[in-house]
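Model the placement of chains B and C on the given structure of chain A, informed by the hints.
These protein sequence lines are chains A, B and C, in that order.
Per my numbering, residue 1 is the first one in the first sequence, and the count goes up by one each step.
Per my numbering, residue 1 is the first one in the second sequence, and the count goes up by one each step.
Per my numbering, residue 1 is the first one in the third sequence, and the count goes up by one each step.
Incorrect hints may have been included.
Coverage of chain A stretches by chain C, computed from C-beta distances (three or more under 8 Å per stretch; other residues unrestricted) [said to hold, decoys possible]:
1) 44 to 58
2) 167 to 173
3) 188 to 194
4) 227 to 241
5) 290 to 298
6) 301 to 313
Pair by pair, the computed Cβ-Cβ distance ranges are [to be verified]:
7) T64/C to A190/A: 48 to 56 Å
8) R36/B to R349/C: 50 to 58 Å
9) R73/A to A88/B: 47 to 55 Å
10) D10/B to A366/C: 45 to 53 Å
Note that these hints are calculated values from the structure, not bench results.
Ideal Cβ positions, reconstructed from N, Cα and C, are used throughout, including at glycine.
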Amino acid sequence: MPTDAADVVVIGAGVVGAATAWYAARSGRSVTVVDRGSVAGGTTGAGEGNILVSDKPPGAELDLARLSSGLWRELAVEVGGFEYDPKGGLVVASTPAGFDALVALAAEQSAAGIETVVVPAGGLAEHEPHLTPSLAGGVLYPGDAQVQPMLAAARLLRAARAKGARVRTGVEVTGFLRSGDRVTGVRTSAGDLPASTVVNAAGTWGGEIASLAGVDVPVLPRRGFILVTEPLPRIVRHKVYAAEYVADVASDDADLQTSPVIEGTEAGTILIGASRERVGYDRTLSVRVLRALAAQAVALFPVLAGVQVIRTYRGFRPYCPDHLPVIGPDPRAPGLYHACGHEGAGIGLAAATGRLIAQLVDGERPDLDVAPFRPERFGPEVAA
Amino acid sequence: MTEFEFDERDVPFTDGQTVGAALVAAGVRSWRTTRRESRPRGVFCGIGVCFDCLVTIDDVPNQRACLVPAAETMVVRTQEGDGRGHLAV
Amino acid sequence: MATSPYDVAVVGAGPAGLAAAAAALAGGARVALIDAGRQPGGQYWRHRPGDLGAVADLHHDLRTFRALVAGAAGAVTFPGHHVWTMSGSAADGFVVRSVAGDDPRGTAELAARSLVLAPGAYDRQVPFRSWDLPGVYTAGGAQALLKGNEVLVGRRVVVGGTGPFLLPVAAGLAARGARVVGVYEANGPAGWARHAGAVARVAAKLTEGAGYAAALARHRVPFHARQAVVAAHGDDVVEAVTVAKLDHEWRVVPGSERVVECDAVAVGWGFTPQLELPLALGVGTRVDADGSLVVEVDEHQRTTVPGVYVAGEACGVGGAALAVAEGEIAGTAAATATTGAGPAAVPARLRRRRRALRRFAAAMHAVHPVRDGWQTWLGDDTLVCRCEEVTAGEVRAAVEDLGATDPRTAKLLSRAGMGWCQGRVCGYATACLTASACGSAVSALDLQGVSERPIAAPISLGRLAGDAGHTGQQ
Chain A
1 MPTDAADVVV IGAGVVGAAT AWYAARSGRS VTVVDRGSVA GGTTGAGEGN
51 ILVSDKPPGA ELDLARLSSG LWRELAVEVG GFEYDPKGGL VVASTPAGFD
101 ALVALAAEQS AAGIETVVVP AGGLAEHEPH LTPSLAGGVL YPGDAQVQPM
151 LAAARLLRAA RAKGARVRTG VEVTGFLRSG DRVTGVRTSA GDLPASTVVN
201 AAGTWGGEIA SLAGVDVPVL PRRGFILVTE PLPRIVRHKV YAAEYVADVA
251 SDDADLQTSP VIEGTEAGTI LIGASRERVG YDRTLSVRVL RALAAQAVAL
301 FPVLAGVQVI RTYRGFRPYC PDHLPVIGPD PRAPGLYHAC GHEGAGIGLA
351 AATGRLIAQL VDGERPDLDV APFRPERFGP EVAA
Chain B
1 MTEFEFDERD VPFTDGQTVG AALVAAGVRS WRTTRRESRP RGVFCGIGVC
51 FDCLVTIDDV PNQRACLVPA AETMVVRTQE GDGRGHLAV
Chain C
1 MATSPYDVAV VGAGPAGLAA AAAALAGGAR VALIDAGRQP GGQYWRHRPG
51 DLGAVADLHH DLRTFRALVA GAAGAVTFPG HHVWTMSGSA ADGFVVRSVA
101 GDDPRGTAEL AARSLVLAPG AYDRQVPFRS WDLPGVYTAG GAQALLKGNE
151 VLVGRRVVVG GTGPFLLPVA AGLAARGARV VGVYEANGPA GWARHAGAVA
201 RVAAKLTEGA GYAAALARHR VPFHARQAVV AAHGDDVVEA VTVAKLDHEW
251 RVVPGSERVV ECDAVAVGWG FTPQLELPLA LGVGTRVDAD GSLVVEVDEH
301 QRTTVPGVYV AGEACGVGGA ALAVAEGEIA GTAAATATTG AGPAAVPARL
351 RRRRRALRRF AAAMHAVHPV RDGWQTWLGD DTLVCRCEEV TAGEVRAAVE
401 DLGATDPRTA KLLSRAGMGW CQGRVCGYAT ACLTASACGS AVSALDLQGV
451 SERPIAAPIS LGRLAGDAGH TGQQ
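Here chain A stands alone, though its shape is the one from the complex:
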């Protein structure tokens, strides 16, 4: 249908797709976003909304996170309405050895340009009065922030629509239009959508979309649960998490890992994570995980023992074997770009991902070298 022809078709109305649509529409491209579900109905809606620089060691992902956190600050002004809160993160260690390791990481991050403040045990209460007094110390990261992730996606899409983008939910991509090797649009449950560029922002399902185009992008689900408390006054000021969280994120273990990640929200609820399990798309509630999360939360903030949990939700983080996202053009299918596989950092990294994709589509020099995120890096030709 020629009336549907777009410069860019974005597959996925999650936060990455929304950011991509926003930046592409802002630079004058005609954009159509398609999603088989609803706005932010996948992993975006199951996230906490973290924009973190604290949980990444120096390297390509930290560079991406730095770029993204600056862009989110701009988006909070330019688009807004998604509860952007530059609250800062506080990482705590329970043992002296853990504290030493944390301080060492902070020193490396600091050298890479991240603001860090080492907080000895005695200084923690000043930052978080309800923290257990039995900790060895922590590091404060003023650069960490939070957004309400569904609102962020919805507001970015709304802003993109105001610049002419179209958002079509309930429309499933079933294949690609090709002209030789070249991708020239998508086939959908609602007809063909021709486009000169197609962006795969399908999150956890990004691998399936890639395979429809005949290319391999190894994105796999890693399940996580979050507990939600009753509405409370501000009891927790920062995003507070245990130093082990960094190791859990980087772990390749398929078994369950839990480490306490606790933060308040503008709505008053406290969100309690984080668990990681590789169990495919199993949506079964795991009481074992919920118990572990509760026990760890109460250990860190004893005041929470009497607070009620009123909700829990689970989501599937899209992870790649090397824990880096996939961002950039796919040389195996010209015209197809990928913007997926952000694991648990998708909200935080969305702004930079969208911006970089828009720059690449426009033929501009991207703000950041995307080579570490190139989609074909997993392929046999890379190994060879």
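For chains B and C alone, coordinates are given in the frame of chain A:
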């Protein structure tokens, strides 16, 4: 007549009545204010479904007045907002 | 698990659950009976501890209740236990986890080879202006205060909504001395004439209905058909309501509004089945004639999940007599299945009874539908979600402004249904408002999106964490 304390007055109740029912019988229609608009609230569903009748009993906030049986030693207090304002930092 | 599993765990001790427990015991099963209430009987036979004598006149068919309680006496009971989650399968067994209401640290975890879920229902609500004023009650809430506590919600009471349940509520209030200034039934009772066949087959229903009508006449309670309470008034407590005539789509007939002074209002618009526990187990559902999401069951009250049976309002709102019949069928089938035998044919007596009562329920739903016109009574500033104080305008904006196309997304973007009650009260209204704003009809998937509550009852972090202590390792 058995009574419990509610906001420094005595509220009578009979055996087996809930805190919420005893308050309604005593002519008290609301014992909580909402978090956003500070609107008064009391019993609505009466069967533990709606959580409108939340109240602070013996310093524990957010108890459903329609479910908790009244007892003579209870100290019941009007709850403001989330009921845990003293924990705010 | 230290103790060996029960053959059958029955969740809910109302009409369906009691009947299921009694039937399962009669079938030789070891039965656990878990209920959030402190006394058996559910909402229908709600009463204070001890004898029912004082409220016997407010109750119906107490003979059945006493027989069921006697029949269920052999069950191990867990009163005052709120089930917060359940899991498992027929192959591995089921685990029911609950919070004990009286004990701040109490939790109970029990294992069972099969489950009969009889969670019942609560009043369905549609919002209207200032419906959050103290003094506005659900019809069931007024009834619970009366039957369970012998407390009147007010001296001058307006009863409104739709459905036959409004009649016993009004009759009970009047019997105990309240002045019921009017019953405002949004539908027309003449509709029943088209369903004479369905009614004639359940003579007891006729007698029951006639009894309430006579009681209302005796107390000079005016009954207004095709009228509704469309707004409440007052500063800090309800002082009056606006009632109005409705057209066939439930829009207010212009000029028909009237202000009626009152000190309490009791409203109900049919019932919403409590589906969070069945949904947690992944059972199949459907939308019933009354627009409620209900569990799909077969001849033996089996759900699509092996080993899980559902009886009563959760598989279709139909009243206590139907719930008792379904409970008996479910309890018998569950007991038989755990002994390894396939379920025997349902006795013809029960099959006929269930069929007749379901026909009656279908007629009731046909006569007392909820029409979309209620949405026109709302202002943009009318609260939809009472917990998070989310207005109708905000729910509509989630669709029109933020692109929500289903109620779950509208909920997550507007926070309607995200508070303490987790959408139990506003879920139906949010689903209707979202569908209207999208120009579509409410689907089963829509309702499922506002009915799933993986944590079915609040549990403190300490209790949840304490469980971890009991079971030892992670």
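Hints versus structure:
{"no.": "1", "hint": "44 to 58", "verdict": "violated (count 1)"}
{"no.": "2", "hint": "167 to 173", "verdict": "holds (count 3)"}
{"no.": "3", "hint": "188 to 194", "verdict": "violated (count 0)"}
{"no.": "4", "hint": "227 to 241", "verdict": "holds (count 4)"}
{"no.": "5", "hint": "290 to 298", "verdict": "holds (count 7)"}
{"no.": "6", "hint": "301 to 313", "verdict": "holds (count 10)"}
{"no.": "7", "hint": "T64/C to A190/A: 48 to 56 Å", "verdict": "holds, 55 Å"}
{"no.": "8", "hint": "R36/B to R349/C: 50 to 58 Å", "verdict": "holds, 55 Å"}
{"no.": "9", "hint": "R73/A to A88/B: 47 to 55 Å", "verdict": "violated, 27 Å"}
{"no.": "10", "hint": "D10/B to A366/C: 45 to 53 Å", "verdict": "holds, 51 Å"}
Hints 1, 3, 9 from the list above are not met by this structure, while the remaining hints are.
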